[in-house]
Every structure is written in C-alpha cells, then in structure tokens.
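Using the sequences plus the hints, can you model the full thing?
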Amino acid sequence: MDFTFTEEQRAAVEAARAVFSDVAPDRAPSPALTPGAVAEDIDRELWQELARTDLLGLTLSPDHGGAGLDPIALCLVLRESAKVLARVPLLESCAVATTVQRYAEGGLAAELLPRVATGELILTAAANGRSGHDPAELAVTARPCGECEGEGEGSPQGGGAAADGSGWVLDGVQTAVPWARVADRIAVPAHTARGRAVLALVPRTRDGVTLEDQVSTSGELLAEVRFDAVRVEARELIDTEGGWDWLRSLLTTGTCALALGLGERVLAMTAEYTGKREQFGFPVATFQAVAVQAADRYIDLRAMEATLWQAAWRLSADAGGPLPAAADVAVAKIWASDGVRRVVQTAQHLHGGFGADTDYPLHRFHAWAKQIELSLGPAAAHEEALGDLLAAHPLG
Numbered sequence: 008m009d010f011t012f013t014e015e016q017r018a019a020v021e022a023a024r025a026v027f028s029d030v031a032p033d034r035a036p037s038p039a040l041t042p043g044a045v046a047e048d049i050d051r052e053l054w055q056e057l058a059r060t061d062l063l064g065l066t067l068s069p070d071h072g073g074a075g076l077d078p079i080a081l082c083l084v085l086r087e088s089a090k091v092l093a094r095v096p097l098l099e100s101c102a103v104a105t106t107v108q109r110y111a112e113g114g115l116a117a118e119l120l121p122r123v124a125t126g127e128l129i130l131t132a133a134a135n136g137r138s139g140h141d142p143a144e145l146a147v148t149a150r151p152c153g154e155c156e157g158e159g160e161g162s163p164q165g166g167g168a169a170a171d172g173s174g175w176v177l178d179g180v181q182t183a184v185p186w187a188r189v190a191d192r193i194a195v196p197a198h199t200a201r202g203r204a205v206l207a208l209v210p211r212t213r214d215g216v217t218l219e220d221q222v223s224t225s226g227e228l229l230a231e232v233r234f235d236a237v238r239v240e241a242r243e244l245i246d247t248e249g250g251w252d253w254l255r256s257l258l259t260t261g262t263c264a265l266a267l268g269l270g271e272r273v274l275a276m277t278a279e280y281t282g283k284r285e286q287f288g289f290p291v292a293t294f295q296a297v298a299v300q301a302a303d304r305y306i307d308l309r310a311m312e313a314t315l316w317q318a319a320w321r322l323s324a325d326a327g328g329p330l331p332a333a334a335d336v337a338v339a340k341i342w343a344s345d346g347v348r349r350v351v352q353t354a355q356h357l358h359g360g361f362g363a364d365t366d367y368p369l370h371r372f373h374a375w376a377k378q379i380e381l382s383l384g385p386a387a388a389h390e391e392a393l394g395d396l397l398a399a400h401p402l403g
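The numbering of the sequence shown is this note's numbering, which starts it at 8 and goes up by one.
Please keep in mind that the hints were generated in silico from the structure rather than gathered at the bench. C-beta atoms are modelled at their ideal positions from N, C-alpha and C, and glycine is treated no differently. There's no promise every hint is true.
Using C-beta positions, here's what the derived DEER-type ranges look like [said to hold, decoys possible]: (1) R51 <-> T293: 40 to 50 Å; (2) R284 <-> T60: 45 to 55 Å; (3) E391 <-> Q352: 40 to 50 Å; (4) R17 <-> A275: 13 to 23 Å; (5) A58 <-> E240: 21 to 31 Å.
As a list, the in silico EDC-like pairs of lysine to aspartate or glutamate whose alpha-carbon atoms are at most 20 Å apart [unchecked claim]: (6) K377 <-> E271; (7) K377 <-> E14; (8) K283 <-> E271; (9) K283 <-> D364; (10) K283 <-> D366; (11) K377 <-> D345; (12) K377 <-> D364.
Structure (structure tokens):
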C-alpha cells in the first residue's frame with residue numbers, strides 16, 4: 008500500500024504550516040478559567056488568512072474558485088490545524104462544501120461554493136442528532152410543503168420535492184451543532200416518511216430556526232438548533248442517494264485527522280519536557296518506564312495515521328473493496344477515539360503537576376482531545392458497527 012502524497016498535497020501541507028506557524032494555542036482564554044464559552048466568534052484573522060491562501064476551497068473545483076484537491080489533502084491540512092488548536096470551522100465548512108459540489112444540483116453549487124472559497128460564506132453541519140447518540144437523520148423530519156408526505160419522492164429525477172416545486176418543511180432538534188452562531192448555512196440531515204435520508208442547506212436566519220447556546224468540553228460555543236416548520240426550497244435540499252452518508256463519513260474522517268494532529272503535537276511536547284526535566288541527575292526521558300510509555304503512544308499515533316489515510320483514500324478514490332468504505336472509517340474511529348485519549352493521559356502523567364498548570368498549554372490540548380473523543384464516540388460502538396459490516400459482507 009502506497010501512502011506517498013502527491014506534489015499538490017504536499018504543497019497544501021506547506022501552505023497550511025505557513026499559515027498556522029503564527030497561531031498560538033492560547034489565542035483564546037483558557038477553558039479551565041472561563042465560565043461559559045471562551046469566545047463568541049471564530050478566529051476571524053486566521054479565517055481570512057486561510058481564504059487568502061486558497062485553503063478554504065481546497066477540495067472545490069477550479070470552476071468554483073478552488074484547488075481541485077481531494078479529502079486526503081483536506082485531512083493533511085486539518086492535521087496541521089489541530090497542532091495549534093485552530094479555532095475555525097475548517098472541517099465543517101469544507102466538508103459541507105465538498106458534499107454540495109458532489110451531490111447538489113448545479114444551481115446551488117454555483118451560488119454557494121465560490122463564496123465558501125473566499126471565506127465570505129461559512130457552512131456547518133448538524134451531525135449529532137437530538138441526543139448525540141441516535142442517528143442524526145432521525146432527529147428531523149422533512150415533508151413536502153402542502154402535499155402528502157410521499158408525493159414527489161418517486162419523480163423521474165429522484166428529486167423528492169413537491170410536484171408544484173413548493174419545497175419542504177423541517178421539524179425537529181439537532182444538538183451540539185458546532186459554530187452554529189457564526190455559520191451562514193447549516194447542513195441538516197432529515198428523514199422523509201419513507202425513511203429516506205435527505206440533506207437540507209438551511210440559512211441560520213430562516214424563519215422557524217432557533218438556537219440555544221451550548222458549550223463544548225473545549226470551551227467552544229455550540230448550539231442546540233430547533234426547526235419549527237422551517238420552509239426549505241426544493242433547490243436547497245440534497246436528496247441524491249448517499250449524500251448524507253458521504254458527508255458523515257467525511258466529517259468523521261476529518262475528525263480523526265484532528266485527533267492525529269493533536270496527538271502528534273502533545274507527544275512532541277512530552278518528548279521536549281521529559282528531555283529537559285531531570286531527576287537524580289538524569290533527564291527523565293532516559294528512564295525506561297518513561298521511554299516505554301512514550302513508545303506505546305508513538306505506536307498509537309502510527310496506527311491512527313495508517314487507518315486515517317486508508318479511510319481518506321477510500322473516500323477520495325471511491326475505491327471498491329471487500330467491505331464498504333464505512334468499514335475503513337469505523338477502523339479509523341476506533342484508533343482515533345482511544346488513541347487520542349491515551350496520548351493525552353500519558354502526557355499528563357509524564358508532565359506531572361506541570362501538565363495542570365494553566366500557564367502551560369497542555370491542559371488546552373487535553374480539553375480539545377476530550378471533545379474529539381466525545382464527538383467520535385466510544386471505540387466499542389465502532390467495533391460493533393464494524394462487526395455488523397463484516398457479518399453483512401463475509402470475506403472470502
């Protein structure tokens with residue numbers, strides 16, 4: 008298996024490193040010292056710099072002002088962003104934009120994507136459902152406006168809009184929506200009466216949309232978003248088969264990339280600290296117990312990396328295999344969810360009391376790692392999902 012990156016992908020990494028080199032993890036107040044959210048807005052200065060260097064349109068086609076790269080390139084950039092705890096909706100906006108490009112009708116893509124590439128328009132996704140445990144598409148219902156529930160779903164184009172073009176109505180609740188207060192549109196998965204998943208691009212200011220503030224473990228502002236008879240035009244709804252599943256897989260794979268970048272930065276901090284910290288006249292890094300723990304975490308990171316690129320490659324290449332791409336995504340989630348937790352726990356242990364010092368950035372990385380772990384969910388659940396896929400697709 009060849010994980011060699013292309014020249015274009017490596018160029019994206021270099022551009023990202025240049026942008027993030029001036030970003031310090033403590034640009035926002037510490038979540039340990041701040042009641043409520045650490046900030047009301049994203050890092051606007053960084054967002055504009057990402058737009059200036061064409062990183063917001065990384066996966067968009069040149070027709071829409073993008074670079075035309077693939078999800079692997081996006082994951083490479085996300086990996087770099089996590090090393091500095093970049094407070095921008097890079098994952099969510101790029102993932103939704105890529106899904107719009109791939110699955111939406113041309114008019115919607117032409118309207119939204121050039122503005123996404125320039126940073127003018129921010130997108131996010133409501134991917135957590137009502138409780139954070141149930142499938143997100145079951146938290147909101149979608150029904151045709153002024154028509155019976157099933158009308159239009161069997162149209163020749165598979166459109167699913169009402170026959171008179173009057174659009175759809177959404178009702179339901181999505182919880183823990185990231186960056187909802189600053190996003191211009193929210194990608195909302197919903198289900199029709201026939202149980203089919205659709206994806207609506209809902210403006211945040213649309214009548215019937217209300218937001219209640221929530222705060223993440225990392226101190227970032229989230230929102231519970233309620234949809235009360237929210238009208239959505241037919242052109243704002245993506246009902247192509249597989250659209251929501253693909254977005255969910257890309258969001259998950261991108262989160263695994265964030266976990267990897269964060270873990271790599273934390274392990275580097277630990278190596279630097281234990282190399283300088285002395286006991287009994289020797290750096291603690293030379294003690295066997297310390298070295299073994301650090302080596303175990305290095306192995307975790309390499310496993311997280313290999314499984315991440317496998318999942319990203321399946322999404323980028325639309326490659327077939329003995330199992331669906333969801334199986335590779337599940338394996339990446341298993342390693343990322345457990346791996347990032349083990350890395351930060353070991354880092355805290357090897358730093359001793361210094362790791363809890365709020366003047367030192369490790370506690371910030373710990374909070375972000377816990378948020379990533381919670382958003383990915385427990386490894387046991389992904390192992391169960393992987394088992395179901397293996398049962399449904401027996402390997403020869």
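Hints and how they fare:
1. R51 <-> T293: 40 to 50 Å: Since the Cβ atoms of R51 and T293 sit about 45 Å apart, the hinted range of 40 to 50 Å holds.
2. R284 <-> T60: 45 to 55 Å: This hint is violated: roughly 37 Å between Cβ atoms.
3. E391 <-> Q352: 40 to 50 Å: violated (24 Å)
4. R17 <-> A275: 13 to 23 Å: For A275 against R17, whose Cβ atoms are near 20 Å apart, the range 13 to 23 Å holds.
5. A58 <-> E240: 21 to 31 Å: holds (27 Å)
6. K377 <-> E271: Roughly 15 Å separates the two Cα atoms, so the pair holds.
7. K377 <-> E14: Answer violated: K377 to E14 is near 34 Å, above 20 Å.
8. K283 <-> E271: Status holds; Cα separation ~19 Å.
9. K283 <-> D364: holds (17 Å)
10. K283 <-> D366: Holds, at roughly 18 Å.
11. K377 <-> D345: holds (10 Å)
12. K377 <-> D364: holds (18 Å)
Against the hints set out earlier in the document, violations occur for numbers 2, 3, 7.
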